[in-house]
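Novice: So the sequence lines, in the order shown, correspond to chains X and D.
Counting in the numbering used here, the first sequence runs from 1 upward without gaps.
Counting in the numbering used here, the second sequence runs from 1 upward without gaps.
Since the hints were derived computationally from the structure, they do not count as laboratory data.
For every residue, glycine included, the Cβ atom is placed at its ideal position computed from N, Cα and C.
Please note that a few of the clues may not be correct.
Over the 10 Å line for every Cβ pair with chain X, so calculated as not near, a few chain D residues [what the hints assert, rightly or not]: (1) G62; (2) Y65; (3) R90; (4) F110; (5) N118; (6) D146; (7) I159; (8) I195.
Computed spacing ranges between beta-carbons, pair by pair [unchecked claim]: (9) D:F143 / X:S136: 47 to 55 Å; (10) D:F110 / X:A90: 28 to 36 Å; (11) X:K85 / D:R90: 24 to 32 Å; (12) X:G37 / D:A165: 43 to 51 Å; (13) D:L67 / X:K105: 30 to 38 Å.
If you only want the chain X side, here are some residues facing chain D, beta carbon under 10 Å, derived [said to hold, decoys possible]: (14) Q8; (15) L50; (16) K69; (17) P70; (18) H71; (19) T82; (20) A90; (21) G100; (22) R128; (23) R147; (24) R208.
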Amino acid sequence: MLQINNMQAGYGNLRILRGINMEISAGSIVTLLGGNGTGKSTLLKAVSGLIPLMEGSISFDGVDITGLKPHERVRRGIVQVTQAKEAYPAMTVEENLMLGAYTRKDRGAIKADLDQVYEFFPVLRERRVQLSGTLSGGEVQMLVIGRGMMAGPKMLMLDEPSAALAPKVVLDIFGNINRIAKTGVTILVVEQNVRMALILAEYGYIIRDGVIMLQGDAKKLISDPAVKESFLGGSVADTSKILHN
Amino acid sequence: MAFDFNSLFAFIIFGVTIGVVYGIVALGISLIYSGLDIVHFAHGEMYMFGAFFGLVLVHNIGLPYPLALIGAMVLTALLGMAIERTFYRRLTRAGGGYTVAGMGMIICGFGMSVALVNVAYFIWGAEAEPFRANLNFIPRLTFAGDIEVPESYVLTAIISVILMAALHYFLRHTKMGLAVRAVAHNKDIAYLMGINVPLMISLIFGLACGLGAAAGVLIGPMQSVQVEMGYLMLMKAFAAAVVGGFGSLPGAIIGGIMVGIFENLGAAYISASHKDIYAFLLLILVLMFKPSGLLGIEAKVKA
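In isolation and in its complexed conformation, chain X is listed as follows:
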């Protein structure tokens, strides 16, 4: 579904991504892991079109989208869920959600999707006339994910959905990402929470210094000694049980 060939991108003269190759097949959950400053967010910006490529190409659904503007990519179904702090604080919860559906005209389907968002995240329904600036960290994270769902995405890209949240909230959110995937949406989740991400995903990429250092099945990565040593500690069995029940 998404194919990235030798992607190089950065800011000004600073080249952050130095030749990324990735392939994400339709309906899968893929995670991109790495520490701070390794190029994760830059990669998302390049895929959603906020920064231009210096070299390489991106294609989606078999069509080359390298030259498309961000809003044109959204129309094709590539939707980036922003970091939680990037909700619109002066707009209500429902205005934020409707903004997600900006490119769509099918009123009936939009209403149905809004109901689905409220079903996934009931707290958003309770807060729907509240300004999103008054929400808690976890609620805002749910809001930006809901806003992404409202765009009717084919592929949803999430930028660190677990950042700065309590473990219980993270579990709830990851459970819901799993539910979104089950509705047929391809998921790319960028994370620092390696354990949670590898339990959720089917396939993982590990990025360091702007190149893909390691990739493979999530189950293999989770037991890979190199990954274990640099990222993980302790057992993964308990979390896995909670997430998949």
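Could you slot chain D onto chain X? The hints should help.
Specialist: Okay, now just chain D, sitting in the frame of chain X:
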């Protein structure tokens, strides 16, 4: 001058009416500031061109005044959008506000202001032209026995309220208005929502210029139309925007009304020959005691 409540009341009414017009121009300046992160120094010329377009539509084409008002707003909006696309976009693309490009934008705005005055001078000459509009369809209001409010003031009050209500409805209750607010807050996130950000920026600019034009057509019949009328209006509208809180839309209107009342009272009770100074006196007072303006939030510093 002897003090009596009737004339005080009259000065306040006239002050509010003129003030709302300052407010409408300030509204445009605030819209551009929040949408494009730039301070538009050629906005006074948009007001001036609007007034001339209105005058041409009424005198030469023979349109009735209300249609001329709409026509002038549309023409000025198109002119503004063309200017933004051709000249400003190259600079704003590199960032506005406190960036180097933002400084360039200020100079570019001043240059545009001088250029537009000269273009208008070529077309319409330097003479002040009276704006003869048939306003007989508006009733002349009389209150408290002896205060008469001329038609042009009544009309200004009505049109201003309609424009503000329409803008409020547009921003708060339409999908496109939601997109405008999204672009004003953060362009990258707006892009990720699938909003065509460059198009919205054009729209914001056009809207702001259309508001400026409306102010020009409203002021025209009260005073006269002249190529240099934009300078003073720009200064007063800036004062209004700062008094109300720069970037705040309700603040722009309230600031405008305050400037209007303040200068009318100053002219009436202190000295009429220094009428244009009072706006800036108010500006200085507000900057001394509440620098963020009446409705302003903390100074919005953009990276």
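Novice: If you test the structure against every hint from before, which numbers come out violated?
Specialist: 8, 14, 22, 24
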